[in-house]
Amino acid sequence: MMSEMLSKLQYYFTYPFVRYAVVVGLLIALCSSLLGVTLVLKRFSFIGDGLSHVAFGAMSVAAVVGVTNNMYLILPVTVISAILLLRTGQNTKIKGDAAVAMISVGALAIGYMLMNLFPTSSNISADVCSTLFGSTSILTLKITDVWLCIAMAVIVIAVFIIFYNKIFAVTFDENFSKATGIKADGYNLLIAVITAFIIVLAMNLVGSLLISALIIFPALSAMRLFRSFRGVIICSAIISVVCAAVGIILSILFSTPVGSTIVSADIAVFLVFWLVSAITGRSKS
Amino acid sequence: MIRSFALAAVSAAAVLALSSCGQQADPLPSSSSHSSSSEESSEIPDFLAALANDGFDCDLTQLNSNMMYGQIFDMVSNPDRYTGMTVRVTGNFNYYKDGAGKEYFSVFIPDAAQCCKQGIEFVLNGEHKYPDDYPADGEEITVTGVLNAYDEYHVTYLQLLDAEIVPLVKMGGTTNESIN
Chain A
432 MMSEMLSKLQ
442 YYFTYPFVRY
452 AVVVGLLIAL
462 CSSLLGVTLV
472 LKRFSFIGDG
482 LSHVAFGAMS
492 VAAVVGVTNN
502 MYLILPVTVI
512 SAILLLRTGQ
522 NTKIKGDAAV
532 AMISVGALAI
542 GYMLMNLFPT
552 SSNISADVCS
562 TLFGSTSILT
572 LKITDVWLCI
582 AMAVIVIAVF
592 IIFYNKIFAV
602 TFDENFSKAT
612 GIKADGYNLL
622 IAVITAFIIV
632 LAMNLVGSLL
642 ISALIIFPAL
652 SAMRLFRSFR
662 GVIICSAIIS
672 VVCAAVGIIL
682 SILFSTPVGS
692 TIVSADIAVF
702 LVFWLVSAIT
712 GRSKS
Chain U
205 MIRSFALAAV
215 SAAAVLALSS
225 CGQQADPLPS
235 SSSHSSSSEE
245 SSEIPDFLAA
255 LANDGFDCDL
265 TQLNSNMMYG
275 QIFDMVSNPD
285 RYTGMTVRVT
295 GNFNYYKDGA
305 GKEYFSVFIP
315 DAAQCCKQGI
325 EFVLNGEHKY
335 PDDYPADGEE
345 ITVTGVLNAY
355 DEYHVTYLQL
365 LDAEIVPLVK
375 MGGTTNESIN
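Protein chains in written order, with my numbering: chain A, 432 to 716; chain U, 205 to 384.
Hints may be right or wrong, so weigh each one.
Stated by the list, open to error - Cβ-Cβ distance ranges computed for the label pairs, FRET-style:
(1) U/VAL370 x A/LEU437: 29 to 35 Å
(2) U/PHE312 x A/LEU681: 43 to 49 Å
(3) A/ARG450 x U/ASN329: 36 to 42 Å
(4) A/LYS597 x U/ASN257: 22 to 28 Å
(5) U/ASN257 x A/ALA676: 25 to 31 Å
(6) U/ASP355 x A/PHE685: 31 to 37 Å
(7) A/VAL536 x U/ASN257: 45 to 51 Å
As the list claims (entries may be wrong) - Facing chain A, a subset of chain U residues (Cβ under 8 Å, in silico):
(8) PHE251
(9) SER269
(10) ASN270
(11) MET271
(12) GLY274
(13) PHE277
(14) ASP278
(15) SER281
(16) THR287
(17) GLY305
(18) TYR308
Claimed, not checked - If you want the footprint, here are the derived chain A segments under chain U, 3+ residues with CB under 8 Å:
(19) 433–447
(20) 569–581
Calculated from the structure, these hints are not laboratory results. Each residue gets a CB set at the ideal place from its N, CA and C atoms; glycine is no exception.
All chains should be built: construct the whole structure from the sequences, respecting the hints.
Laid out in structure tokens, this is it:
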């Protein structure tokens with residue numbers, strides 16, 4: 432049974448699109464887990480969902496207007512939304528969570544309405560499903576998508592390593608970091624832009640359901656057992672990459688939806704970590 | 205100094221990423237462009253050779269629905285690689301008649317989430333009349349034929365010529381029942 436599955440897996444890995452899916456899936460998982468810890472600690476866990484809905488709305492507008500490459504519209508709109516939410520969210524009358532919810536459902540509603548009023552495809556339900564859940568779009572990647580993802584991963588990891596101390600300071604106490612001379616607004620802007628890039632990329636590849644889960648679950652699982660920022664980030668990255676790999680392989684072997692299989696793996700790990708922390712009492716220490 | 209170097213590296217990566225963004229929405233590869241990289245084309249024989257089965261060059265019934273979905277997308281993206289091959293595929297029958305009265309018969313393969321579908325049109329060998337000589341809409345069928353691709357309104361469509369509806373072969377390659 433096991434050898435049969437291994438030989439089946441070995442055969443499936445001869446397909447270029449399977450290898451592309453694994454590479455892209457792991458890179459997105461790694462990048463989103465790095466950002467996830469910061470976003471969860473800044474109380475912006477739901478921003479992945481919100482921004483991907485904004486991107487969905489922008490995608491609908493691009494389709495209706497007839498923009499050749501919809502990335503030229505989706506990316507700026509999502510980056511601007513991320514900046515508005517993350518940078519000014521704390522100083523506006525509508526606070527962070529309410530602003531995310533408002534933009535999220537607003538963009539979703541407008542996007543869906545535009546797709547229905549001005550359909551550019553005969554299968555609207557499939558378009559919506561594919562955008563929200565990723566479906567099997569990760570198995571339809573081309574080599575250009577893989578290079579795009581590698582470049583984005585290099586950017587995110589480089590920024591995270593270079594500005595690690597500043598991101599740490601801004602994440603935990605923005606006012607204190609401002610008082611010590613750190614340009615907190617600038618770093619918030621940087622986090623916002625990177626968040627938008629990752630979400631747009633991941634939404635196109637694996638859907639908004641997956642990117643939200645990738646941001647939240649690994650970070651929360653790691654926080655069950657680790658107390659330091661560095662420990663949480665390293666553990667979160669490992670959990671995210673392992674769950675993505677397991678999820679992609681299981682979905683290819685058993686023909687299950689890729690996005691929800693990865694999320695299920697993340698949930699299982701969260702439950703295990705929660706149980707271990709409850710038994711060992713680490714979360715209370 | 206280190207920060208300047210790092211920022212330069214990040215900027216270069218950003219430019220690379222954005223230039224890749226531009227390429228992403230390019231039209232599907234044409235016969236002259238022939239795929240995006242040499243490494244991609246060097247890996248063709250492995251999986252194509254493995255798809256040959258039971259006298260067919262490309263027996264898609266060996267694959268599960270996720271893999272079949274990805275494989276058909278690859279066929280649409282790189283039709284030159286597959287044109288002229290004998291293909292066997294299992295999916296759901298679909299009938300469509302356009303405004304000009306032209307009839308299209310196709311086999312649809314849903315993905316695991318059952319919301320996205322890839323379709324291959326087929327033209328049966330000989331004279332056939334709808335609905336008498338065709339299965340019911342949505343019925344699971346296995347079709348064989350010679351693969352051809354054509355462009356219509358800048359979209360590439362796949363079709364099986366000299367097609368035949370054969371006894372149903374479930375995904376995985378087990379013959380279950382005859383529908384004819």
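Here is how each hint holds up against the structure:
1. U/VAL370 x A/LEU437: 29 to 35 Å: 32 Å, holds
2. U/PHE312 x A/LEU681: 43 to 49 Å: At roughly 25 Å between Cβ atoms, A/LEU681 and U/PHE312 fall outside 43 to 49 Å, so the hint is violated.
3. A/ARG450 x U/ASN329: 36 to 42 Å: This hint holds: roughly 37 Å between Cβ atoms.
4. A/LYS597 x U/ASN257: 22 to 28 Å: 58 Å, violated
5. U/ASN257 x A/ALA676: 25 to 31 Å: 29 Å, holds
6. U/ASP355 x A/PHE685: 31 to 37 Å: Distance hint for U/ASP355, A/PHE685 holds at roughly 36 Å.
7. A/VAL536 x U/ASN257: 45 to 51 Å: 49 Å, holds
8. PHE251: Because about 4 Å separates U/PHE251 from the closest Cβ in chain A, which is inside the 8 Å limit, the hint holds.
9. SER269: 5 Å, holds
10. ASN270: 4 Å, holds
11. MET271: With a closest approach of 6 Å, the U/MET271 hint holds.
12. GLY274: 4 Å, holds
13. PHE277: 4 Å, holds
14. ASP278: 6 Å, holds
15. SER281: Where the cut-off is 8 Å and the nearest Cβ of chain A is about 7 Å from U/SER281, the hint holds.
16. THR287: With a closest approach of 19 Å, the U/THR287 hint is violated.
17. GLY305: 18 Å, violated
18. TYR308: 12 Å, violated
19. 433–447: holds (count 5)
20. 569–581: Holds: 8 residues of the segment 569–581 of chain A have a Cβ under 8 Å from chain U.
Of the numbered hints stated above, those contradicted by the structure are hints 2, 4, 16, 17 and 18, listed in ascending order.
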